[in-house]
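There are 2 protein chains.
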Amino acid sequence: MSKGFLLIISGPAGTGKGTVCKELLKRNTNIIFSVSATTRGPRVGEIDGENYFFIDKEKFETMIGNDEFLEYAYVHTNYYGTPKKFVMEEINKGEIVLLEIDVQGAMQIKKNYSEAVFIFLLPPTMEELKNRIIKRGTESEEDINRRFENAFKELDFVGNYDYFVVNDIVEDAVSDIESIIKAEKLRVKRQSRIKEKVLLKGGR
Amino acid sequence: MSKGFLLIISGPAGTGKGTVCKELLKRNTNIIFSVSATTRGPRVGEIDGENYFFIDKEKFETMIGNDEFLEYAYVHTNYYGTPKKFVMEEINKGEIVLLEIDVQGAMQIKKNYSEAVFIFLLPPTMEELKNRIIKRGTESEEDINRRFENAFKELDFVGNYDYFVVNDIVEDAVSDIESIIKAEKLRVKRQSRIKEKVLLKGGR
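The listed protein sequences correspond, in order, to chains A and B. One gets my numbering by counting positions in the first sequence from 1 and adding 2 to each. One gets my numbering by counting positions in the second sequence from 1 and adding 2 to each.
There's no promise every hint is true.
Pairs involving identical chains hold if they fit within one copy or between any two copies, as the list cannot separate such chains.
Listed below are the simulated DSSO-like cross-link pairs for lysine-lysine, each with C-alpha atoms no more than 30 Å apart in a straight line [what the hints assert, rightly or not]:
no. : residue 1 : residue 2
1   : Lys197    : Lys61
2   : Lys19     : Lys187
3   : Lys61     : Lys28
4   : Lys187    : Lys24
5   : Lys24     : Lys199
6   : Lys19     : Lys184
7   : Lys61     : Lys95
8   : Lys155    : Lys191
9   : Lys113    : Lys137
10  : Lys59     : Lys191
11  : Lys197    : Lys19
12  : Lys24     : Lys197
13  : Lys87     : Lys24
14  : Lys28     : Lys59
15  : Lys197    : Lys184
16  : Lys137    : Lys59
17  : Lys132    : Lys61
18  : Lys5      : Lys86
19  : Lys61     : Lys137
20  : Lys28     : Lys95
21  : Lys61     : Lys199
No lab work stands behind these hints: they were computed from the structure.
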């Protein structure tokens with residue numbers, strides 16, 4: 003049986019990671035979405051093990067100590083992280099696990115688990131990137147400018163990724179990612195005993 | 003502008019390299035077929051620079067001496083080889099160059115130009131591989147058995163390739179290869195100045 007892989011979809015704020023991942027999962031129901039762990043409490047309707055693994059701070063810090071995260075971050079008094087165990091179990095079952103993550107998180111994973119497939123989402127233009135950041139609408143002009151400058155700087159990280167996908171029309175971006183997935187499944191390095199498999203199927 | 007790449011389609015006799023390449027070129031008229039050089043004379047209807055580059059033995063051996071081949075072989079009193087110049091010029095123009103070649107030739111290219119994309123064609127079963135070798139119909143049972151044993155041994159080389167494609171139904175094999183091409187075009191390593199390209203398109 004062939005191993006699955008961890009598919010990282012990443013990029014600066016405003017590149018449309020969330021929209022692209024949602025459409026990708028809708029069109030490919032066999033892809034497993036990586037569930038994060040967090041120390042924040044569940045919101046109404048959130049289900050443990052589905053939206054997040056909800057754990058307390060002590061448990062989270064023990065897991066950090068035991069090197070049980072592919073990446074983690076401390077944001078506004080709470081931890082968020084990607085538990086290794088869940089991802090590795092699914093990969094070993096042959097599944098493709100999707101992780102939507104910011105650039106900093108992706109760079110942590112690159113260090114800890116470089117076998118993942120790293121895709122960098124690009125905005126079609128800088129103009130459009132700014133528009134998308136503005137459209138979120140909840141922030142002051144200062145915040146918007148700061149986010150835009152951040153996003154602009156983060157574009158420099160594209161060189162650390164395997165693939166880039168321009169997210170102009172969502173359907174096209176998803177179709178690009180589907181081709182990457184199809185190609186990655188055909189990688190020799192992810193298959194063991196290809197010759198034996200052909201023989202087993204056909205007899206000799 | 004992004005660089006193109008050399009796409010190697012290879013595999014043992016009987017895996018259907020010729021059929022798959024013909025269909026791939028038919029469906030993708032933008033792919034450039036790599037023209038080989040040979041010292042054998044042109045047959046009726048063959049055009050220099052299209053079917054082959056027809057050159058004499060002295061010229062061929064000078065080119066060998068000047069390291070002008072990605073690979074070459076001496077078969078039945080004639081030389082056959084893949085001239086570097088043609089391939090590199092097309093790649094630098096951003097083109098995808100297709101080379102259909104046997105396993106030994108592919109392994110020579112792997113040594114000389116490992117940046118190429120190496121695809122190994124597999125038969126669906128060993129039974130089918132034997133059938134395909136038999137179907138050529140021009141050979142004695144001894145020849146058929148020798149070719150089959152050779153093909154069987156050559157399957158061990160799959161580990162040196164980037165991708166494997168099972169050629170059961172030709173259309174499916176071609177569609178797999180098209181996905182590999184689409185993914186390879188999205189590789190970060192083949193693009194220079196991705197950030198600048200986004201900026202140039204959009205202004206800032």
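Q. How would you classify Lys187 and Lys24 at a CA-CA limit of 30 Å: within, between, both, or neither?
A. Classified as both; 21 Å inside a copy, 24 Å across copies.
Q | Intra- versus inter-copy proximity for Lys184 and Lys197 (alpha-carbon distance at most 30 Å) | A | both (20 Å within a copy, 26 Å between copies)
Q) Using 30 Å as the alpha-carbon threshold, which applies to Lys137 and Lys59: within, between, both, or neither? A) neither (34 Å within a copy, 68 Å between copies)
Q: Classify it for me, Lys61 with Lys199: is the Cα-Cα distance of at most 30 Å met within a copy, between copies, both or neither?
A: neither (43 Å within a copy, 45 Å between copies)
Q) Which holds for Lys113 with Lys137 at a C-alpha limit of 30 Å: within a copy, between copies, both or neither? A) So Lys113 and Lys137 fail the 30 Å test inside a copy (33 Å) and across (52 Å) alike.
Q. Is it within, between, both, or neither for Lys197 and Lys61, if the alpha carbons may be no more than 30 Å apart?
A. neither (45 Å within a copy, 41 Å between copies)
Q. What label fits Lys28 with Lys59 when the C-alpha limit is 30 Å: within, between, both, or neither?
A. neither (33 Å within a copy, 60 Å between copies)
Q: Pop the pair Lys132 and Lys61 into one bin, within, between, both or neither, using alpha-carbon distances up to 30 Å.
A: neither (39 Å within a copy, 59 Å between copies)
Q) 30 Å Cα cut-off: does Lys155 pair with Lys191 within a copy, between copies, both or neither? A) Only across copies: Lys155 and Lys191 sit 19 Å apart there, 33 Å inside one copy, limit 30 Å.
Q: Indicate which option fits the pair Lys87, Lys24 if close means a Cα-Cα distance not exceeding 30 Å: within, between, both or neither.
A: within (23 Å within a copy, 46 Å between copies)
Q. What label fits Lys19 with Lys184 when the C-alpha limit is 30 Å: within, between, both, or neither?
A. Close inside one copy (20 Å) and across copies (20 Å); limit 30 Å.
Q) Within a copy, between copies, both or neither: where do Lys28 and Lys95 come within 30 Å Cα-Cα? A) Within. Shortest intra-copy distance 21 Å satisfies the 30 Å Cα cut-off; inter-copy 38 Å does not.
In summary, the structure is inconsistent with hints 1, 3, 9, 10, 14, 16, 17, 19, 21 from the numbered list given earlier, while agreeing with the others.
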